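Listed here are the chains, written in short residue letters.
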Amino acid sequence: MKLQIITQTTGRSGRVMQQKRLVQGDWIRVGRSASSEIHLPDPRVALNQGLIMDRGGIVYTEGEAGIVNPGSTTRKAVKSIRLKVGASIEVGPYKFTVIEPPAGYDGAITIELVRKLEEATTGDLRSRATKLSLASLHLPKRSVAWALFIFVAVIFFAIPAARVLDLPWRAASEKNSITGDRFWNPGPVILAHQPIEMKCAACHEVAFEHVKDRACLECHKNIGHHVSQEMLRPVSAKPGEGLFEGQRCTSCHVDHKGVKTTHKDNDRLCVDCHKDVRGKSNQASALNVTDFAADHPPFRLTIPTETGLKRVRMDGKAPIKESSNLIFPHDVHLDPKGIKSPSKGRVKLECAACHAPNASKNTFEPVTMKKNCQECHQLQFEPAVTSREVPHGNARDAKVVVEEFYANLALNGVKDSFVKAFGVESEGLLRRVGEPTEDQRKVVLSMASKKADRVAQELFEVRSCKTCHEVKREEKEGQVDWAVAKIRANNLWMPAVRFDHKAHAQAPCADCHNVAKSKSSTDVAMPSIDDCRKCHGGSKHTLEKTITSNCLMCHGFHDTKHPWDPTFKPKGATRVAEGPTGVR
Amino acid sequence: MKHRSILEYANFRWFKLALVLCAVTGAVYIWHEPPLKPYGGTWLGYTLGTIGALLILWLLYFGIRKRRYKSNVGSAQGWLSAHVYLGVALLVVATLHTGFELGWNVHTLAYVLMVLVIVSGMYGVFIYLRVPRDLTLNAGEDTQSSMLMHIADIDREMREKALSLPDKLFAAVDQSISNTRLGGSFGRVLSGRDRTCATAAAVKELPGLAKGLSGEQANLNKEVYQLLLQKNELLQRVRKDMRYKAVLDLWLYIHVPLSVALLAALTVHVVSVFIYW
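Residue numbers (numbering that gives the first Met the number 0), protein chains in the order written: chain A, 0 to 583; chain B, 0 to 276.
The shape of chain B in the complex, shown without the other chains (with noise of 0.2 Å):
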């Protein structure tokens, strides 16, 4: 079966129903005739508000949602196409709410945090449907543990081999194996690199350090090398793959909690309007 992306799922059935939903707001809002100028105050305004309010709660929900595997209320696949093509029709559906009335207010913020969270979310999306591709080609059938394991193994078989080699050939190795980092911080883990990894300095080193090597240690270089060769390589696929996988995570630590920030200002942002009424 050909993989369909959460963007295709049933045929487009949600893109085709936020498209109805924006195309039906959008027609209202143009044929409405407010008292003044458009906003949320309308007969209108309150629909669109209440659209909004509801698809907000409805979207949040989905945080509770994804975590109930056991649930049968649609597929996970068919709650995410859904989430994402109605989260963009929040977008129409909340601008049209507030009659493009802006200022420096509560229901102002509630709208910024809202337009964050969505955006953040389309980029989401965007991440969800270019990343996956790239950690399959650079992982290939590996996967990170394997990887670490074959650097591992490969650590120990040069170890041995370097064993024969002079003192600063040895070291330089000693330095691949024992200082080599791999994540640990935040900036190494997201841009998946390491300006001062061991490996790749001692692949830069070893071949200076190497010249006047003769006859069967010049043979046993060469193949420690190969081994440091493959151990570097190794070590940017592990970390492209860590960077990837960050990738993935991050966009998440804006969108999650400035949805929540948004579930306080949306709050508030009902409430106080209707204490002002």
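Only chain A is shown next, with the shape it has when bound in the complex (with noise of 0.2 Å):
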């Protein structure tokens, strides 16, 4: 195919200029784009805006059939037009005019821009449409962010800071109320602290420093340490090298995470020093230990001695054996058939008709003379005459009520009673008629001492005392007395452990203590670790059927006297059931 185009333009002066050139090709490309053979340089018209092609004649198409031509002014349909001489097109502002062809060409098309680009761009629309975009309509980013930076910086900071560090607007920052150092804080303090919550320098003594040990001991005044002072600075210690050196109370203790608790029961800490404890300290006497189930020595019992109170552990290398001065066997009083009591016949006992728990049900209360014994073990030594009984805990008030009750029976006893005691038919001396002779006086109070001598060493040596105490008589110038042995029964058997009978009120006693067949007091009843292994696992759980058991399950870190433990135990107040003096 071949074509004549003629490119005509009006000069500024109007003169009409005409080009003409050959186009040849099967197919003529016609757009704005330089390699198109009808070359149309002008915005308003597409990139490959058409094509002219022979169809037995020539034919102008724009867009494929099927697909839409992104540049195509409709985009939709597909636009053919036979381009017969004389028929005129318009394609964007340029007017395609087809002409009488010379010899030898297919076709001959004047071309002219019709509507120029400058008359488009005065058009009205243009000027009016000036904010397309975000920018134009003038939204604020840099100035809002601005403000949020300031309003951020002021509300959160210089306000509550210029209270907190004292800066120069501080005045003017108290007159406001709506923000404070409430926005600094990072979590709920526990319990016990909310009442010091809003007063953050409480413990924030001082600006941009740790809170400091001193703040906590304000309040925690009788808290202990994890070992005696000797052992956590020893004299050999050189700065740096005691124990615990460095260490804070936030190390362990952090706030500010909840309600609940300052630190976690975590077995990590404890072991990180136990597992070799006395690479730590040469003075530790524990044994190393990693974890309950796994990995921990046997029980230490604290037991008291003559010398004052032991440590023993039951590693079953020695027999344990109790030196109370007690004489108490289990095995008789926990008889299946009964005891027999003075007053009830056969009575069966059970554990708890000696062993009262105390009043917050975790341990014992320590068994005693008057409170568990002597409903069966009465102290009476006439019972002939009278229902009295002997003061219990010391021996000598014994001894003397027994002498002060046969020499006032001597001398004032009525008949039936002096003769049953003193098995002679008469009464007392001043019931007599008439006033008794020296003689008389003599007789009757020899006669009441003697008694009195017989009967306490009766009580004391064979009957009562004897029964379950050691005593030892004593001659002096010719008069008699007895030394009963002081008690040591142990009533605290570890005292350092937190063990909740309550907790394990479920069990019976005797799967901890057996001593249905105990003979004597100096048996030692206490579990020993297989026992309480049955039950507790260690701390990461790696037994069946056993409760995860970890270090201050059992053990505190800081000591006994630590007033905020729920098991607190003053040291001493209740260990040890001493000797036969005051109630006991």
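Simulated from the structure, these hints should not be mistaken for laboratory data.
Remember, it's a predicted structure, so these values are computed and weren't measured experimentally.
Backbone N, C-alpha and C fix where the C-beta goes; we use that ideal spot for every residue, glycine too.
Treat the hints with care, as some may be off.
Said to hold, decoys possible - Examples of chain A residues toward chain B, derived with CB under 10 Å:
| # | residue |
| --- | --- |
| 1 | L136 |
| 2 | F207 |
| 3 | P238 |
| 4 | L268 |
The two chains are supplied separately, each in an independent frame; assemble them into the complex guided by the hints.
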């Protein structure tokens, strides 16, 4: 196909100029693109606007069937026009007019720009449509950014910091109540600290400095340390070598982490040192431990002895005996057939008959004569005449009561009592007719004294005291006295442990303390670690069907004086039932 | 050369780095045993906090770097790719720094602002991946100004031709020419629509008004109507173009101011924590 293209322009003076050229090809492209055979340099023309081709005569086509040409002004229809001589079409601002082709040509087209660009650009829509972007709407970005920055800085810093750091605008800051350092509080403090939660400076004493132990100890005055002062900082230790050197309260205790606790029950904290505890301190008496189930030494019992308290490990190397000076066979008292009571016949005793829980039920009240024994073990000395008993706890007092009783009976006794007590047909000396003679007086008092001696001897050495106590007879210048050995019954076998009997109340006593066959009070019936391990596993819960049990379940870190410890036991307060003095 | 999005930059270099950062911090977080529970004040908390704060400062620096056209430190593409991936990784680092402890305080304010900035940034990435394609598809080889030029051209031609039409018809065409609005308000720019468009109204109205026309006038009206349809379509494209460009910009109006607010909150967070150390 051979086309003659005549580009027609009109000069300023109105003179029409024509430029002719030959265009050849099967497809003649029309468009803004410089590669088009018919190049129309105007922004209103698409890059590839259309095609001229031979279809039995020349045809102008825009678009392709089935394809939407994005450059097409209509974007949809395939526009196809047969270019007959005299026809005229508009391609963008250009006008194509078909004229008679010269010889040898298939066609001829005159192309003329009919709407100049300058004219189009003066269209009024363009002058109105000036705000087409967000930027042209003057939406604030920078100013909002600065405003937010200043808002945050003032509300959350400048105002509260003025009070805390005593900045120059402090007075102005104090007048406003919108905001304060409460917005700096990272989280709720534990319940006990809530009264001072808003008084930040109570703990945070100096700005930009760590909370010091001093701030904690202001209130926690009585908190005990883990080990003694000598162990903490031995004389031989150089600076920086002491135990727990560099550790602060906040090394373990962090607040603002919820209302419940400030520390974590984590064995790692204990095991770090206790896996090699003697390597940490040569004064340590404990053995190494890493886990209750897997690696924990046998328990140590604290036993009172003649020379004071002694700690004995239940390692099976030597039998452990208690030397309480008390004679008490558990087997007799726990006889399943019962035991004879002076008033109730045979009585079957349970553990609870003597071992009464204390007020908080975590352990037991000490067993005392008055509360637990005397109902059966009565201290009567002349039951035929009186139900009176000698006082318990002081041998001398008991002896005096007996002597006084018989002296009084000899002087003032009615006939019936006199006869029953002395076995003589008479009555109290002062009841007889007439003034008693010196001889009569001597006879009666000597009789009373002899009787008292006999009764006391029987009381101490045969019938009552000897049943439970070790009694020693002492004679001094013809005067007989008895000494009863001091009782050292243990009431607290593991004073440092947190053991709650109430929490174990579902188990029968005998599961841990098997005394049914015990014939002697020297027997120790404390459970071994293996008994505990039947239920308690380690902290990692590696054992099936056991309770996960970490160090802090049984041990306290701070000493037992810790007043916030629910198992608080003042040292020495109830640990040993002391000798036969007082009410015991 | 195949077009590669910033997400694929340098064979996912920054994605891999961000992934490693997340994996390492996550693993250390799981391994770490804090004294009570995880929070910003343990050694890991301070470490994560320092990494997070440095990341935030570096991410903010992107706002400066992207304007330094002369800078040779990496390509703008590389910086954006890193900005995107490390910004997302920051979400992991900072969340682990908090130890999931949130409350009504300036620390959580900083965290929330950071999350908003990151989420708006993610939305921005989504927009940048999607909208340019729509923009090209809509505009084709035209530009906004060429389309406007075209409309102005149509207006001129239409006015000329409509002069020979009856008054009612000319009035409708004239309405379209002098009252058609483009943009001008936030709603119109962002919606890409104009319910009261004079041209759309004219398109609707014209066939009814043209009933009863015959001969030369009917042909002329047909031509005018064609032009009107063309103009309406162009208007729709310009409006879409306007909308797409606005959408491309809008998220930055959130992303940028919030990131500056975050800078303030972060500073207050750090300083206040050390005042009450």
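Cross-check of the supplied hints:
Taken as an interface hint, L136/A checks out: its beta carbon lies about 6 Å from the nearest beta carbon of chain B, inside 10 Å. Hint status for F207/A relative to chain B: holds, with the closest Cβ pair at about 6 Å, below 10 Å. Hint status for P238/A relative to chain B: violated, with the closest Cβ pair at about 25 Å, above 10 Å. For L268/A, the suggested interface contact is upheld, since its CB lies about 8 Å from the closest CB of chain B, less than 10 Å.
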